[in-house]
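Student: Sequence:
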Amino acid sequence: YKGKPQLTNVHIEITSKCNERCVHCYIPHENKLEDITPNLFYDIVKQCYNMKVLHLTLSGGEPMLHKNFLEFLNECRKYNFSVNILSNLTLLNDEIIAEMKKNPLLGVQVSLYSMDNKIHDAITQHKGSFERTKKSILELSKNNIALQISCPIIKQNKNCYLEVVEWAKKYNI
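Throughout the sequence shown, residue numbering follows this note's numbering, covering 26 to 198 in sequence.
Calculated directly from the structure, the hints in this document are not laboratory data.
Please read these numbers as outputs of a predicted model, since none were measured by experiment.
All residues carry an ideal CB built from backbone N, CA and C; glycine is no exception.
Treat the hints loosely; a few may be bogus.
[What the hints assert, rightly or not] For lysine-lysine, the following PhoX-like pairs were computed, each having C-alpha atoms within a straight-line distance of at most 25 Å:
| no. | residue 1 | residue 2 |
| --- | --- | --- |
| 1 | Lys180 | Lys167 |
| 2 | Lys152 | Lys127 |
| 3 | Lys103 | Lys127 |
| 4 | Lys77 | Lys42 |
| 5 | Lys143 | Lys160 |
| 6 | Lys127 | Lys92 |
| 7 | Lys160 | Lys103 |
| 8 | Lys92 | Lys71 |
| 9 | Lys180 | Lys159 |
| 10 | Lys71 | Lys29 |
| 11 | Lys77 | Lys27 |
| 12 | Lys71 | Lys127 |
| 13 | Lys92 | Lys160 |
| 14 | Lys195 | Lys143 |
| 15 | Lys159 | Lys103 |
| 16 | Lys92 | Lys159 |
[Stated by the list, open to error] Pair by pair, the computed Cβ-Cβ distance ranges are:
| no. | residue 1 | residue 2 | range |
| --- | --- | --- | --- |
| 17 | Lys152 | Lys27 | 47 to 55 Å |
| 18 | Tyr67 | Leu130 | 15 to 23 Å |
| 19 | Asn75 | Leu130 | 30 to 38 Å |
| 20 | Lys180 | Lys92 | 19 to 27 Å |
| 21 | Lys195 | Leu58 | 38 to 46 Å |
| 22 | Glu188 | Tyr104 | 33 to 41 Å |
| 23 | His49 | Lys92 | 22 to 30 Å |
All chains, full assembly: derive it from the sequences and hints.
Tutor: Now the structure itself:
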């Protein structure tokens, strides 16, 4: 960029909808109703390409709830963007994994609140989310998809976050 300031990263919230109800979420659930339109998304991606942006972050809510999520990933890959996805991974499936594997510049960030399913599920307020998230983390790891686990520390999990760190280390995450 020849020493000039440059926009290098753009964060796009593709949906405000979420399938979890995390106790610490700053967006009231009743306001989580909207999806970005495909035309707007494609326009933003094209503008980012023209401005030589390097990295896009796709988030929500839960981005995998957007009906065009796979098409959006494909579009990012066409433009050769480095892509980061912020997701709870509870909706991960083989089709999404296959698309993720096509982009070697892709990474995923997920929150895992505890290795105790009761604590994790109490934070997400979604029974079974711990098992689905943990299974998806292992699936991404098995498929060599770059992955980062976040463990936001709040009152409910302040005594068990180190177990998350140790578990992640065990799988080289």
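Student: Now tell me if each hint is right for this structure.
Tutor: The hints, checked one at a time:
1. A distance of roughly 32 Å separates the Cα atoms of Lys180 and Lys167; the hinted pair therefore is violated under the 25 Å criterion.
2. This hinted pair does not check out: Lys152 and Lys127 have alpha carbons roughly 32 Å apart, beyond 25 Å.
3. With a C-alpha separation of about 10 Å, the suggested pair Lys103 and Lys127 falls inside the 25 Å cut-off, and the hint holds.
4. For the suggested pair Lys77 and Lys42, the alpha carbons sit about 30 Å apart, so the restraint of at most 25 Å is broken.
5. Of the pairs offered as hints, the one joining Lys143 and Lys160 holds, with about 16 Å between alpha carbons and a cut-off of 25 Å not exceeded.
6. Proposed proximity of Lys127 and Lys92 is supported: the alpha carbons are some 19 Å apart, at most 25 Å.
7. Simply put, Lys160 and Lys103 have alpha-carbon atoms about 29 Å apart, too far for the 25 Å limit, and the pair is violated.
8. About 20 Å separates the Cα atoms of Lys92 and Lys71, which keeps this hinted pair within 25 Å; it holds.
9. Between the alpha carbons of Lys180 and Lys159 the distance comes to roughly 21 Å, so the proposed pair stays at or under 25 Å and holds.
10. Under the criterion of a C-alpha separation no larger than 25 Å, the hint pairing Lys71 with Lys29 is consistent with the structure, at around 22 Å.
11. With a C-alpha separation of about 13 Å, the suggested pair Lys77 and Lys27 falls inside the 25 Å cut-off, and the hint holds.
12. At roughly 20 Å between alpha-carbon atoms, Lys71 and Lys127 fall within 25 Å of each other, so this suggested pair holds.
13. Pair hint Lys92 plus Lys160 holds up; C-alpha atoms about 22 Å apart against a cutoff of 25 Å.
14. Restraint check for Lys195 and Lys143: satisfied, since their Cα atoms lie roughly 22 Å apart, inside the 25 Å limit.
15. The suggested pairing of Lys159 with Lys103 is violated, with an alpha-carbon distance near 30 Å, which exceeds 25 Å.
16. For the hint linking Lys92 to Lys159, the alpha-carbon distance of about 23 Å falls within 25 Å, and the restraint holds.
17. Judged by the Cβ atoms, the range 47 to 55 Å given for Lys152 and Lys27 holds: they are separated by roughly 54 Å.
18. The hinted range of 15 to 23 Å is satisfied by Tyr67 and Leu130, whose Cβ atoms lie roughly 19 Å apart.
19. Roughly 19 Å separates the CB atoms of Asn75 and Leu130, a value that falls outside the hinted 30 to 38 Å.
20. The given range of 19 to 27 Å is broken by Lys180 and Lys92, whose C-beta atoms sit roughly 36 Å from each other.
21. Range check, Lys195 to Leu58: Cβ separation about 39 Å, and the 38 to 46 Å hint holds.
22. For Glu188 paired with Tyr104, a C-beta distance near 39 Å keeps the hint of 33 to 41 Å intact.
23. Checking the proposed 22 to 30 Å range against His49 and Lys92 shows it holds: the Cβ atoms sit about 27 Å from each other.
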